[in-house]
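**Student:** Residues per chain, in single letters:
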Amino acid sequence: MIDNSPLANDPSPFPDLRQVRFARGFVTVLMSTLVLLLVCLMVAPSSVSAGALSGSLPFAAIIAIVGLGQMLVVQQGGFDLSLPGSVSLAVVIATHLPSGNDAQLLPAIGLAVVCAIVAGIANGFLVGVMRLNAIIATIGMNALLYGAVFAVSGGVPRITTPLMSAIAGGKVAGIPNSILFAVALMLLVSFVLKKTVVGRRFEAIGANPAAAHAAGLRVRLHQTMAYVYAQLLYCVAGILISGITREPTAFQGDSLLLPSVAVVVLAGTSLLGGRGYPISTVIAAFFLNQLSQFALAVGVPFSAQTIIQALALVFGIGVYSVRWRRSARTRSN
Amino acid sequence: MSKATPMKVALAAFTLTTALSATGALAETPSWCGPNEASLALLDGFGGNSWRLVTTASGAEEAAKCPSITQYEYADGQGNTQKAISDINSMAARGIKALVVFGDAGPAVLPALTNAHRSGAIVVPYRVDVGGKEGENYAKFIGSSFVEDGKSWGNWIKETLPEGGNILFLSGPAGNSQGLDELKGMKEVLDDKYVFVNPEPFAVTNWDPALTQQVLSAEIAKNDKIDVIVSDFGPSLVGALPVFKEYGRSIPALATSDGNSLACFWEENKDANPDFKLFTVATGNDNVRLAVQWAVALATGGTPPADEIFKAPVYENSVTGTPNPVTCRKDLPGAIYLSAELADDAQAKAVGQ
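Heads up: the sequence lines are chains A and B, in that order.
Number 333 marks the last residue of the first sequence (our numbering); no jumps.
Number 353 marks the last residue of the second sequence (our numbering); no jumps.
The hints are simulated quantities; they were obtained by calculation from the structure and are not laboratory data.
Pairs of lysine-lysine, DSSO-like flavour, derived with a Cα cap of 27 Å:
1. K65/B / K140/B
2. K270/B / K158/B
3. K171/A / K225/B
4. K140/B / K83/B
5. K171/A / K245/B
6. K193/B / K225/B
7. K270/B / K171/A
8. K225/B / K158/B
9. K65/B / K349/B
Keep in mind it's a predicted model, so treat the numbers as computed, not measured.
With the sequences and hints as input, model every part of the structure.
**Tutor:** This is the structure:
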C-alpha cells in the first residue's frame with residue numbers, strides 16, 4: 001500500500017530494488033527504445049545515421065517539450081487540447097512580429113510568453129476554478145488561440161529571423177541546440193516535480209485531490225497552474241519550431257497534439273492523474289520520432305504515420321492497464 | 001472673367017478625362033465581357049494561405065476588368081466543408097448570377113453546386129475536380145493541367161541529366177490527384193534510365209515545411225545518390241534543403257513550382273552548391289482568371305475564352321535563363337509568386353506585408 005502512494009517514494013539518489021519496481025514505465029519505454037534502435041540498425045541502418053539523426057532529433061525535441069507540458073496537465077487528471085493553437089500562436093508571433101529583423105526578436109518572444117501565460121490562466125480558471133470539463137474548455141481556448149493566429153498572420157507564413165534560426169537550428173559540439181533545450185527543460189521539470197515542495201504537492205494533488213484538499217493543500221491553485229506551466233512549455237516549443245523550420249506555416253501545432261498525448265501515456269503517466277515521469281516522457285518522444293523515421297526508411301508511406309502513433313498510444317494504454325490489473329490481483333491474493 | 005476661366009478649364013479637363021476614360025474602357029473591355037449586367041461571387045474552400053490570398057486578389061482584379069459586373073462578392077469556407085456548402089447555397093439564394101468556386105472538398109460540394117446550377121446561376125468550379133458533368137451539375141469546369149507540369153519537369157530533367165539519374169518526387173497528402181497527374185506527365189517523357197527513389201507514387205509531405213524537412217532528411221539518409229528533386233510546392237522546400245549540408249552533399253537539381261522565397265534561397269545557396277540548378281513552372285494563381293473569364297462570358301453574354309484548361313507556363317530556368325532567369329526580389333515578401341499576373345506590390349498588399 002505504502003509503495004503506491006506517490007509521497008512515499010523517497011527520492012534517494014541510490015536506486016534500490018523497490019525503485020526499480022516502481023519505474024516500470026521507465027523500464028518499458030527504455031527497453032522499447034533500445035529494441036527499436038536495434039531493429040533500426042539491422043533493418044534500416046540509414047535511419048540511425050548521423051545525418052538522419054541530426055535531421056530528425058530537433059523534431060523529437062519539440063515532441064518532448066510539448067509532451068512535458070501535456071504531462072503536467074494529465075497529472076492533474078486533465079487534458080490540454082489547446083496545444084495546437086498555442087504552439088501555432090508562438091510560431092507566428094516569433095516569425096511575423098520581427099519579420100526577419102533580429103532586433104525585434106526579443107520583444108516578440110516576450111509577447112509570446114505573455115500570451116502563453118494569459119491562455120494558461122484562462123484555461124486554468126475555466127478548468128481548475130469553474131470546474132468545466134477540461135476537454136471542452138481547452139477546445140474552446142484552442143479556437144480562440146487560432147483566432148489570434150489568424151489576427152497576427154492572416155494564415156500566411158513568414159521567413160524566420162537569422163538569429164532565431166541560429167539559436168534553434170544551430171549546434172553546440174555537434175548536438176542540435178533544440179536537443180539541449182529539451183534536456184534542460186526535462187531536468188528543470190524533473191527537479192521541480194521531484195525535489196521541491198511545490199512539485200511534491202503538485203503530484204500529491206494529482207494523485208488524490210480530495211485527500212490533498214483534506215490535508216490543506218491549495219488544490220485549485222495547483223490545478224490552475226498546471227495549465228500555465230503547460231502553455232509556457234508549448235510556447236517554448238513554438239518558438240523553437242520558428243527557428244528549426246525556415247518558413248513555418250501558421251498551423252505548425254496541428255500535428256503535435258496526438259504525439260503529445262502518446263508520449264505521456266507511453267511514459268506511464270496515468271490519464272487519471274498522479275505521478276509524472278518527465279525523463280520517460282522525453283525518451284518516449286525519441287521513441288515515437290525514431291519509429292516514424294524507421295517507417296520512412298523502410299518505405300512505409302507517410303500517411304501511415306498517424307496510425308503508427310495511434311498504435312503506440314494504444315500500446316501505452318494497454319501496457320498500463322495490464323500492469324494495473326495484475327498488481328490488483330497480486331494484492332487480493 | 002477671372003472667375004469664368006478656371007471654370008472653363010475645369011470643364012474642358014473634365015470632358016477630356018471622361019472622353020479618355022471612356023475610350024480607355026472601350027479599348028480595355030475584353031471580348032469575354034458581354035453587354036448584360038450580372039453579379040459574380042468567388043467562393044473559396046479555404047482562404048488562409050499566401051497562395052490563396054494572391055489567387056483571390058487575382059480573381060477580383062480579373063472580374064473588375066468587366067464593367068458589366070455590377071456586384072462582386074467573396075466568401076471563404078475556412079477549410080470547413082459545411083461552411084463552404086452553406087456559402088454556395090447562400091450566394092445562390094441571394095440571386096448572384098455567376099459563381100466561381102474553388103471546391104476544396106471535392107465531390108462533397110457537388111450537390112450544392114448542382115442546386116445553384118438548377119436555380120439558374122452560372123456555376124464554374126475550377127482547379128479541384130468536384131465530379132459531376134458539365135451542363136448537368138455546373139456550367140463549366142476549368143481544370144489545371146498537372147500532367148503538363150509533369151511533362152515540363154520531365155523535359156528539363158532530360159536536358160539536365162541526359163545520361164539518366166535518380167529522381168526524388170515529393171508531393172502533398174497521400175493519393176492527391178495533382179501528384180498522381182504530375183507523375184503521369186513525367187513518366188510520359190522519362191524512360192527507364194530515370195529511377196524514382198521515393199516510395200510509389202510520391203513521398204508524402206502534406207505540403208508542410210516541417211514534415212518536408214523530416215521526409216527529406218530520411219530520404220537523403222536512405223539514398224546516397226539523388227540527382228534531381230521534383231516537388232509541386234517549391235517554397236515548402238526552402239526549410240528542408242539545408243539538410244543536404246548535414247551530409248556534406250550539394251543540393252541537387254530542383255524541378256518545382258515558383259515562389260519568391262525559393263528564388264531568393266537559390267540566389268543565396270547556388271555558389272556553395274555546384275549541382276543546385278533550378279527549374280520552375282508557374283504556380284498557377286492565374287487559373288482563377290480563366291475561370292472568372294468563363295463565368296463572366298456565360299453570365300454577361302460575352303465570347304468565352306478559347307482555353308478550357310489552365311496550362312501553367314514554364315517560368316524560371318537557371319541553366320538557360322529562358323523563359324526567365326531565376327528572379328529573387330528581396331524587397332518583396334517571400335510568400336508571393338512572381339509568376340502570377342497580379343502586380344508585385346498588389347501581391348505584397350494581398351498577403352498583408
